[in-house]
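Chemist: Given chain E, work out where chain G should sit, using these hints.
Chains E and G, in that order, give the protein sequences. Residues in the first sequence are numbered consecutively from 181, following our numbering. Residues in the second sequence are numbered consecutively from 18, following our numbering.
Some hints could be false.
[Unchecked claim] Simulated crosslink set (DSS-like; lysine-lysine; CA at most 25 Å straight-line): (1) G:K105 <-> E:K297; (2) G:K80 <-> E:K329; (3) E:K237 <-> E:K260; (4) E:K346 <-> E:K329; (5) E:K260 <-> E:K234; (6) E:K340 <-> E:K297; (7) E:K329 <-> E:K340; (8) E:K297 <-> E:K260; (9) E:K297 <-> E:K237; (10) G:K80 <-> E:K340; (11) G:K20 <-> G:K57; (12) G:K22 <-> G:K80; (13) E:K297 <-> E:K234; (14) G:K20 <-> G:K203; (15) E:K344 <-> E:K329; (16) E:K340 <-> G:K85; (17) E:K329 <-> G:K203; (18) G:K86 <-> E:K340; (19) G:K105 <-> E:K234; (20) E:K344 <-> G:K203; (21) E:K329 <-> G:K57.
[Claimed, not checked] Residues from chain E that face chain G, not an exhaustive set, calculated with beta carbons under 7 Å: (22) T202; (23) L302; (24) L307; (25) L313.
None of these hints come from the bench; they were simulated from the model. Beta carbons are placed, not taken as given, at the ideal position from N, Cα and C, and that holds for glycine.
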Amino acid sequence: MATCLLASHESRSLLRACPMNTFEFFNQHFGRHLVSQEGEPDFAAYRALSSNHKLVKGTESRLASGWAIVRPSISSVQLKLAATGLRFDERTRIEAFMEEFEQWDGIEPRMFLMFDKAPIPLENLFLTVDRRLVRICSPAGVETFDANKAPTEESGGIQKAIWKRK
Amino acid sequence: MEKLKISFTLQSPLVTNGGYMTLDALLAALIFDQGGDLEKAHADIPLMNTNGLWHGSAAFFEKIDTEKKGFVANLHAGHDLDLDLVMKNKSGNVHRAIGLTRRRDYGAVFNSYRMYTATEISWYATGDREQIQRLLSEVEFIGKRRASGFGQVANLVIEESDNDGVVGLFGEPLRPIPLEMFSGDKSSLRADAAWRPAYWHPMNRAVCYVPAQ
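Bound-form chain E, shown alone (with noise of 0.2 Å):
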């Protein structure tokens, strides 16, 4: 990262809040509760998000359902998964995601992820830094929208059921 050129007390607050690495901020509140921290940090990543790793019945499997939220804090993730620092939340995506909306600070970074049968790949994870653009991260793509906002016809799937939800 570059040295800083113009930092203000406001922005320096900021930075402290959000990690300027999309992969970093993966790993130390989500990635690192399932896998080595081993090389390069989009390496770990991959390897957390396309690894088997084991649930609380004691089969393995991979993040191939269900969604996670990953936060600064504790990460919460559908998928009972065997790994402690991470909350095991039983709601729906959209339950989720809605009420995290709803309770974010809107400053610190937020991962929004939805599992699929494919692993999500690394270009499709982004931090959520604003209400007015979030990311929702999947293996399909990333819908991107302003939580403020009524969705439009054109509108993600994801955007248009919480809508209906409020």
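Modeler: Just chain G now, kept in the frame of chain E:
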């Protein structure tokens, strides 16, 4: 180095896949096309650079109309796919055997894009007018699906501007700018975005102030 506004008049709708289409990305791509040297393409962009940040704005265009556009791409492994670019499994092989003859082994892919009708696409920059003019005069099409006739360029205009290609006159970001490098309006939109070339590489992303699109 001058402050410039650079505009293309468009003859056909523009197709994009999102992103900010910054001027430095466009110029780097044109330099790469000439010599095939990636490092040179990223080093020789004729724009001002401050601590890695190029003074070239995102693309701005007024959308007259917009719609989704789908394209089917038929991929044939032997011709279109460099296996060095495909992710490998633990044993160093590609995840799936790719056949050279049977279409079902590697067939059609459906890609969705966003298509915009616009009369003009513009950027702001601080840079070398002559070099920018020389590079951009080669451009016949811009955006995605250029070979299908989208984003046809009719005319290039380069004129003086008050904008430096980084921060606008009202303090708004004109391109993705990492938080600590931004001195403009702190109420601007923030996003996790690539801020330097190669823009496709996720490791070049940072939390940035970004232009509203």
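Chemist: None of the hints should be skipped; say for each whether it holds.
Modeler: Results of checking the hints against the structure:
1. G:K105 <-> E:K297: holds, 18 Å
2. G:K80 <-> E:K329: holds, 20 Å
3. E:K237 <-> E:K260: Satisfied, since the Cα-Cα distance of roughly 8 Å is no more than 25 Å.
4. E:K346 <-> E:K329: holds, 12 Å
5. E:K260 <-> E:K234: OK: K260 of chain E and K234 of chain E at ~9 Å, within 25 Å.
6. E:K340 <-> E:K297: Cα-Cα ~23 Å, so holds.
7. E:K329 <-> E:K340: This hinted pair holds, its Cα atoms lying about 10 Å apart.
8. E:K297 <-> E:K260: With a Cα-Cα distance of about 16 Å, the restraint between K297 of chain E and K260 of chain E holds, given a limit of 25 Å.
9. E:K297 <-> E:K237: holds, 20 Å
10. G:K80 <-> E:K340: The hint holds at about 24 Å.
11. G:K20 <-> G:K57: Status holds; Cα separation ~24 Å.
12. G:K22 <-> G:K80: holds, 19 Å
13. E:K297 <-> E:K234: Holds, at about 17 Å.
14. G:K20 <-> G:K203: Cα-Cα ~23 Å, so holds.
15. E:K344 <-> E:K329: Holds, at about 12 Å.
16. E:K340 <-> G:K85: Given that 25 Å is the threshold and the Cα spacing comes to 18 Å, the pair holds.
17. E:K329 <-> G:K203: It holds: about 21 Å lies between the C-alpha atoms, which stays within 25 Å.
18. G:K86 <-> E:K340: Within the cut-off at roughly 21 Å; holds.
19. G:K105 <-> E:K234: Given pair K105 of chain G, K234 of chain E holds - Cα atoms ~24 Å apart, limit 25 Å.
20. E:K344 <-> G:K203: violated, 32 Å
21. E:K329 <-> G:K57: The given pair, whose Cα atoms are some 43 Å apart, is violated under the 25 Å limit.
22. T202: holds, 5 Å
23. L302: With Cβ-Cβ at 5 Å, under 7 Å, it holds.
24. L307: At 4 Å from the nearest chain G Cβ, L307 of chain E passes the 7 Å test, so the hint holds.
25. L313: holds, 5 Å
Of the numbered hints listed earlier, those contradicted by the structure are 20, 21.
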